[in-house]
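Since each chain comes alone in its own frame, lean on the hints to assemble the complex.
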Amino acid sequence: MENLQSLLHGFTIAVTVPHLTLMVIGVLLGILVGVLPGLGAPNGVSLLLPLTFGMQPVSAIILLSSMYWGALFGGSVTSILFNIPGEPSSVATTFDGYPMARDGRPTTALATAFGSAAFGALVGVILITFLASWVAQVALAFGPPEYFAVYFLAFASFVGMGGAAPIKTVVALAIGFAIAAIGIDTVSGSVRLTMGIDELVKGVSFVVAVMGLFGIGELLIAVEEEFHARAVSSRVDWKEVFRALGRLPHHGIALLRSAAIGCWMGITPGGPTAASFMSYGIAKRFSRNGARFGSGEAEGIIAPETADHAAGTSALLPMLSLGIPGSATAAVMMGGLMIWGLNPGPMLFVDQKDFVWGLIASMYVGNIVAVVLVLLTVPVFAALMRIPFAVIAPLIVIICVVGAYSVSNSYLDVVLMLGFGVVGYLFKKLHYPLAPLVLAIVIGDKAEDAFRQAMLMSKGSLGIFFANRLVTTLVLAGMALLLLPLVLQIVRLLRKPDEAAHEKVRII
Amino acid sequence: MISRRALEISTAALTGIFGVVVVVSSIDNGIGWSSAGVDAGTFPFLTGVIIVLGSLYNMGQGALGRGALAIVRVAITASELRRLAGLFVPAAIFVAVIPIVGMYLGSTGYVFAVLALPKRQSVLRALVIAVVTPLALYVVFERMFQVSLPHGALATAFGF
Numbered sequence: 001m002e003n004l005q006s007l008l009h010g011f012t013i014a015v016t017v018p019h020l021t022l023m024v025i026g027v028l029l030g031i032l033v034g035v036l037p038g039l040g041a042p043n044g045v046s047l048l049l050p051l052t053f054g055m056q057p058v059s060a061i062i063l064l065s066s067m068y069w070g071a072l073f074g075g076s077v078t079s080i081l082f083n084i085p086g087e088p089s090s091v092a093t094t095f096d097g098y099p100m101a102r103d104g105r106p107t108t109a110l111a112t113a114f115g116s117a118a119f120g121a122l123v124g125v126i127l128i129t130f131l132a133s134w135v136a137q138v139a140l141a142f143g144p145p146e147y148f149a150v151y152f153l154a155f156a157s158f159v160g161m162g163g164a165a166p167i168k169t170v171v172a173l174a175i176g177f178a179i180a181a182i183g184i185d186t187v188s189g190s191v192r193l194t195m196g197i198d199e200l201v202k203g204v205s206f207v208v209a210v211m212g213l214f215g216i217g218e219l220l221i222a223v224e225e226e227f228h229a230r231a232v233s234s235r236v237d238w239k240e241v242f243r244a245l246g247r248l249p250h251h252g253i254a255l256l257r258s259a260a261i262g263c264w265m266g267i268t269p270g271g272p273t274a275a276s277f278m279s280y281g282i283a284k285r286f287s288r289n290g291a292r293f294g295s296g297e298a299e300g301i302i303a304p305e306t307a308d309h310a311a312g313t314s315a316l317l318p319m320l321s322l323g324i325p326g327s328a329t330a331a332v333m334m335g336g337l338m339i340w341g342l343n344p345g346p347m348l349f350v351d352q353k354d355f356v357w358g359l360i361a362s363m364y365v366g367n368i369v370a371v372v373l374v375l376l377t378v379p380v381f382a383a384l385m386r387i388p389f390a391v392i393a394p395l396i397v398i399i400c401v402v403g404a405y406s407v408s409n410s411y412l413d414v415v416l417m418l419g420f421g422v423v424g425y426l427f428k429k430l431h432y433p434l435a436p437l438v439l440a441i442v443i444g445d446k447a448e449d450a451f452r453q454a455m456l457m458s459k460g461s462l463g464i465f466f467a468n469r470l471v472t473t474l475v476l477a478g479m480a481l482l483l484l485p486l487v488l489q490i491v492r493l494l495r496k497p498d499e500a501a502h503e504k505v506r507i508i
Numbered sequence: 509m510i511s512r513r514a515l516e517i518s519t520a521a522l523t524g525i526f527g528v529v530v531v532v533s534s535i536d537n538g539i540g541w542s543s544a545g546v547d548a549g550t551f552p553f554l555t556g557v558i559i560v561l562g563s564l565y566n567m568g569q570g571a572l573g574r575g576a577l578a579i580v581r582v583a584i585t586a587s588e589l590r591r592l593a594g595l596f597v598p599a600a601i602f603v604a605v606i607p608i609v610g611m612y613l614g615s616t617g618y619v620f621a622v623l624a625l626p627k628r629q630s631v632l633r634a635l636v637i638a639v640v641t642p643l644a645l646y647v648v649f650e651r652m653f654q655v656s657l658p659h660g661a662l663a664t665a666f667g668f
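Those sequence lines, one after another, are chains A and B.
Each step along the first sequence adds one to the number in the numbering used here, with nothing skipped, and position 154 is 154.
Each step along the second sequence adds one to the number in the numbering used here, with nothing skipped, and position 51 is 559.
Just chain B, same shape as in the assembly (with noise of 0.2 Å):
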């Protein structure tokens, strides 16, 4: 369970570490105005302050459970979380392993696994929607409109 006091003060965290990087490193771009006008970092060191500024009030007011959602104390229960980690977990290790199997067998495996897995569907349906997808994505990527898409090192490493 995560509370909406933790869920608003991380997010405001969040936002505030990009901002100090924003300004950090458009400071080496030279701010202010030289000969070539407005420098390059000038505007991204305002935005920058901006957001920095902009998380520290939300963190504040997060912080002191103020604002629109102040009623709801509760942001996410048990149980969303564990559907949410159902939708994310097995996305982000499809997104993982691309470099090495390639998208064809990745998406294969990824929607096998989330389809059969859950017993939500046949195996056999599973199996077939996990066939069809990369075809589909092969015929219409990579020879309609010639779009390669990345085959990965496995498939290198077979001289593919």
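Excised from the complex, chain A in its bound form (with noise of 0.2 Å):
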């Protein structure tokens, strides 16, 4: 109960018309790095910085927080309408995002998607406000090999689903792992795979390869294809966001388990890539529309966004009981503490009790002003999608070399880039499943890099994932998750083998 009152403290530093209006700059501007590709929330927070210099701490960080939570819903809009995802963890978001936005329900999909990830950021702050303490200790309990762990259970959730060629699938997943060993390795300290490009050292960014890969690549199908965006009605549907907003809790279960799984995988160092992946996976499988997933089925959008920006949210945890930076952004966000006076860990808590509290208490403000705001632009963003098709493909073709130069203002990324568009085309076109080779890409070197540490603490002994309940679980859960479809499928092939052979799934 002393949370509680704590927290009821914090909403009244928050809620003041001062720091509502910063709330509402910074969504604004969040929303504007989150749509625009190549600028993300870690550009966007890092140039607003030197303008907090002179705030109060709680504003500065009311202020840039809540940048990050718009930068977090406006990166969904442009996986939805374009499927260029503009961050790794709403890669995801994709699959089923935009086919119901090429189907003509746009309005429907951002509603969808912006509901979804206001209730796992929801459920991310609660869990914050109440779990605080025992929080920070599960994060702490975290090594190498139960990095490892977790990265395999995002994996064997999500490989081994689509209806791909196996063989196509591990083709798929290796080139991805490959990719992301290019550059210097963490561990070793070594250069990999660079072929003698001094350029490639920095290594193959994710953005680069999902530009060409989801971006150009999908303009090529659709050329291919004579695509032309079905008509979407030219009057602003009001109710038809409401409409989607009033669907959601049909889908309750999704809800709660991506949540969950979103939570999960934010205190454990997972992350909101790995949980958008897994979420969508264990979705896939275990839903009764399972079948329909990748051609515009709305819990194929619930589940990667609630379990993203659940993720998301309680990440900030980490950052500011441990002074473990979750991501990029959280990390500018730990120089801005510095800066101010602040010592992010556990001292924090103690000595700083008004700024955490007005922080936790900013968020459940921030997240509703940044759902509201967000939703009010969604008429907006569903009118690009009328834009005629011979007009927005060279927009998208800059958008995407604008958006790979300016990763790390190199132009090999923009060779590269265009170079992924063909094989993301000739994969698409020939059924290899893209996801797996995006999910490698991601996640595949900090998954080597754990499995190596844990390799050195244990002089090379496959025991230390097995030498405790936490990692022991992890892993077998992770087995389960990649056998059980396999064996479904022998068992299926066994007793039906027309049926199976005529069976017609999507490649995502």
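No lab work stands behind these hints: they were computed from the structure.
Accuracy of the hints is not assured; some may be wrong.
Subject to a maximum C-alpha distance of 20 Å in a straight line, what follows is the list of computed EDC-like cross-link-like pairs (lysine to aspartate or glutamate) [claimed, not checked]:
no.	chain 1	residue 1	chain 2	residue 2
1	A	Lys202	B	Asp536
2	A	Lys428	B	Asp536
3	A	Lys459	A	Asp449
4	A	Lys429	B	Glu588
Quick caveat, the model's predicted, so the values are computed rather than measured.
This is the structure:
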């Protein structure tokens, strides 16, 4: 109950006119950087940082965290409308969000995404409010073997669920791992797979790969099919926004399950990206409409979005309570904290009660502000779908080029992006799945590092993955998720060979 | 016209070559177990081997015309190929000229060429879009977020 009192006190700090104004400004700027490719929350937060030096620490963190919420919401917009994920954690949103928007229901897709995202964030904040100290302990219990087990679990829940040819899936996955390995190896410090090109030392950014694979690749598929966006009703349909929100409670189980996955992956350092992929994979497996996933199913949007935001929110907790930033944005914010004269870490909760609880209260209010603002913008974004394809296609190309360039001001990235575009087209055309490829690029090197560090700890014995209850449970759950569909597939093939052969599944 | 078989085989060849490159260059990093733990090249080496083996399998399946898509004989028809080239070739030219003319001039030219030349849009409309695009890029990236986009060798030569 002490927490509740502190929270109420926090609300008296957060809900004031100047702070609400700061939230609106922060959220709007955040939506802008989120929608723009190549710019993300880290850019926005770093640019705003100098402005905050004259502010009270509470006001400053409210501005910066509001920007973070805005960016999280904004990142889903381009995923849904153009199949270009602005950040790794919104990749899984493209799988069902884009088909739904393309099908002439962009308003529904956006409203569903924002509604479930808000729910996820809310669950994350509630978790922070009540379990702050417990959560900090869980995060501390995580060493390299546990990290690896979490990544393994994320892979296991996602891979093998698609309908693609198994060997093609394996090839796509292995290529993703190889791409993730390009550049400096963080364990040994040696340079890998650069083929003598110095610019590759920094590695291949995920953004570059995704812009090409999804953005350009999808564009090529679209012109080939002579795709024309179905006429979207020209008037702004506010009712559809509310109808979509009203349908969310029907997916209550999916919402709760995804939020739980998100919170778990946020506290354990799996992060929002792994969370959204894992949530999508599990939703596909357990949903009644699982077979329709990938063709614009509402639950396919709800699952990744809820998990993404639940993880994104609960990931701020390790930053505050342990001083471990969970993401690039959190790292920049932590830099800010130190400049304002605060020391992140366990003592923060004792020394700076006003700051901590003001921030937590502002998470509630800030997310409400963010979801209201972002819902107001839905019709504006949905209207983008009405621009003729002939006009939007070159603009998407420019967006991808600028996005790829601005990741690290490298021209090579632009060329690579175009190359990924061709690969994306070929893979999509020949039913190689893209999702395992992207997942491997994003968390492949982290998983490898964790595995090798664990091997260093155990001097090469695999027994370390069964050394304690936490890690054993994680590994066994991963194996079960990995083997279950395989076993089911074999059983089905043995029983009805004809039916299985004619089954049509969309490859993602 | 490109047959599915040819496409399937060439894609598998592409992934296979990538796999070979990965294997060769990871051997330089050292594979196996040393005093410093698992060597840096081990994982890339294994993934490379998997890519090569998988590609060989896919290539065989493609050549024999087996697999889930076996009924589809033609992958890309002539008119589809024309439309693909219509999108990709201008985009590739745009990317190629960026180091010379920069992002702003490049995008103006690209948008104008793609919109005005096939006569899908009126020249005036194409012109407006072609001018507004780089302006928007400039305001948002260079002014608001201070991300510098390439200005090109031409601009440097004129002293910008």
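Results of checking the hints against the structure:
Distance hint between lysine 202 of chain A and aspartate 536 of chain B is fulfilled; the C-alpha atoms sit about 19 Å from each other, no more than 20 Å. This hinted pair does not check out: lysine 428 of chain A and aspartate 536 of chain B have alpha carbons roughly 33 Å apart, beyond 20 Å. Of the supplied pair hints, the one linking lysine 459 of chain A and aspartate 449 of chain A holds, its CA atoms being roughly 15 Å apart against a limit of 20 Å. As the CA atoms of lysine 429 of chain A and glutamate 588 of chain B are separated by approximately 13 Å, the hinted pair is consistent with the 20 Å bound.
The structure is inconsistent with hint 2 alone, although it conforms to all the rest.
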